[in-house]
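> Sequence:
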Amino acid sequence: MSTNIESDTADAQPATTPDVESETEPEAESESEIDTHPEPGVETEAEPESDPSVDTDTNTDGDGDEAAESDTEGETEAEPESEGGDDDAEVVTSPPQQFTAAIKGGAIKEFVSTLRAVVDEAKIRVGPDGIHTRAVDPANVAMYDVSLAAGAFESYDATEGVLGVNLERFEEVLKLAKKNDLVQLSFNTTSFKLVIHIDGVEFTMALIDPDSIRKEPEIPEMDLPISLTLEEAQISRGVKAADMVSDHIRFRCDEAETTVYIEAEGDTDNVSLELADDDLVALTAADGNALYSLDYVNDISKQFPTGTEITLTFGGDFPMMFEYQFSDGECDVLAMLAPRIQSD
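Numbering-wise (the numbering used here), the sequence shown opens with residue 61 and increments by one.
Read the hints as simulated data drawn from the structure, not as lab findings.
Be aware that one or more of the hints could be misleading.
[Unchecked claim] Simulated pairs of lysine-lysine, BS3-like, Cα-Cα distance not exceeding 25 Å: (1) Lys300 <-> Lys164; (2) Lys169 <-> Lys362; (3) Lys253 <-> Lys362; (4) Lys362 <-> Lys235; (5) Lys164 <-> Lys238.
[Claimed, not checked] Across the chosen pairs, the derived CB separations fall in these ranges: (6) Glu228 <-> Asp337: 37 to 43 Å; (7) Gln244 <-> Asp269: 23 to 29 Å; (8) Gly260 <-> Asp337: 49 to 55 Å; (9) Lys300 <-> Asp347: 24 to 30 Å.
Just so you know, even glycine gets a beta-carbon here, dropped at the ideal spot from N, CA and C.
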């Protein structure tokens with residue numbers, strides 16, 4: 061027996077993606093470069109409509125009430141992406157003429173849940189080589205770039221195009237699928253809906269006009285001096301320990317000792333996890349440390365597949381990059397997190 065479920069909400073035919081300037085401070089707009097040396101500053105809350113930028117989440121630790129109100133964000137500004145990828149490539153703003161795919165439930169659920177760590181909706185770009193999404197969270201602090209290659213699918217046929225997807229709704233639908241269940245996906249070019257088949261159940265999901273979704277951010281080019289590769293369990297252990305004492309987490313590297321420390325300082329208690337060279341899969345050491353929001357690090361680390369090797373790159377008061385793969389190397393994940401800056 062087969063079940064047909066249709067969603068009629070939020071149905072919109074995609075239109076041309078507008079060019080939106082990158083809004084950073086309430087008093088000024090910035091169009092391009094990433095400021096990888098963010099200065100502490102006061103900022104109003106990021107508007108959902110503003111062009112995406114990745115902030116540095118600044119913690120001004122001073123005395124008195126002024127310090128209590130100074131926990132604000134100084135931005136690292138992310139340039140809106142030329143949506144075709146290469147500078148000279150034609151921008152693709154229309155839906156695909158063809159998109160049909162079949163994939164194991166575990167792989168597509170991992171893809172969607174990874175993005176859900178920062179956003180509820182996203183532009184999913186499809187093409188002959190696979191699907192790709194880049195998104196920044198509403199506070200402009202964390203960004204994901206996720207690519208799922210065609211090789212991750214049991215079958216795959218697609219032309220270039222973009223789909224606006226409600227990830228929260230998609231994730232709910234995918235709960236019907238077990239890890240090894242076959243999930244069949246297709247785009248209906250007449251109704252502009254995504255058709256999902258899971259074990260006899262057909263779900264027709266309304267898509268979102270891509271124009272209403274924030275434009276993808278540009279990934280900044282940074283030469284970060286510290287790089288380490290380690291098992292996901294080691295990061296999770298450090299994050300869990302830090303959560304016992306603070307809402308911030310510090311990553312520090314001592315070049316002479318070839319050691320990385322994951323640290324947290326609370327009002328009365330401190331915690332430190334020491335990771336020597338022998339504890340790591342790989343290490344490029346340099347002196348430096350940076351402080352990050354523990355909530356964001358926790359959300360990102362929860363998405364790490366069990367047993368996966370994670371590569372972290374960072375520098376003194378620079379954003380941190382988290383890189384890893386899943387689905388037998390067919391899915392590449394890059395997460396970027398802006399630092400918090402403490403004033404003297």
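> For the pair supplied as a hint, Lys362 and Lys235, is the alpha-carbon distance within the 25 Å limit?
Since the Cα atoms of Lys362 and Lys235 sit roughly 18 Å apart, the hinted pair holds (cutoff 25 Å).
> Tell me if the straight-line CA distance from Lys169 to Lys362 falls inside 25 Å.
Distance ~14 Å between Lys169 and Lys362 Cα, so the pair holds.
> Does the beta carbon distance between Gln244 and Asp269 stay inside 23 to 29 Å, or does it fall outside?
holds, 25 Å
> Could you see if the CB distance from Glu228 to Asp337 stays within 37 to 43 Å?
About 42 Å separates the Cβ atoms of Glu228 and Asp337, which means 37 to 43 Å holds.
> Could you say whether the range 24 to 30 Å given as a hint is met by the Cβ separation of Lys300 and Asp347?
Hint holds: Cβ distance 27 Å, inside 24 to 30 Å.
> Do the alpha carbons of Lys164 and Lys238 lie within 25 Å of each other, as the hint requires?
holds, 8 Å
> For the range 49 to 55 Å, tell me whether the beta carbons of Gly260 and Asp337 fit it or not.
Given about 53 Å between the Cβ atoms, the range holds.
> Taking only the CA atoms, is the gap from Lys253 to Lys362 under or equal to 25 Å?
Violated: Lys253 and Lys362 sit about 31 Å apart, past 25 Å.
> Mind checking the alpha carbons of Lys300 and Lys164 for me, to see if they're no more than 25 Å apart?
violated, 31 Å
When the structure is compared with the earlier hints, violations turn up for hints 1, 3 and for no others.
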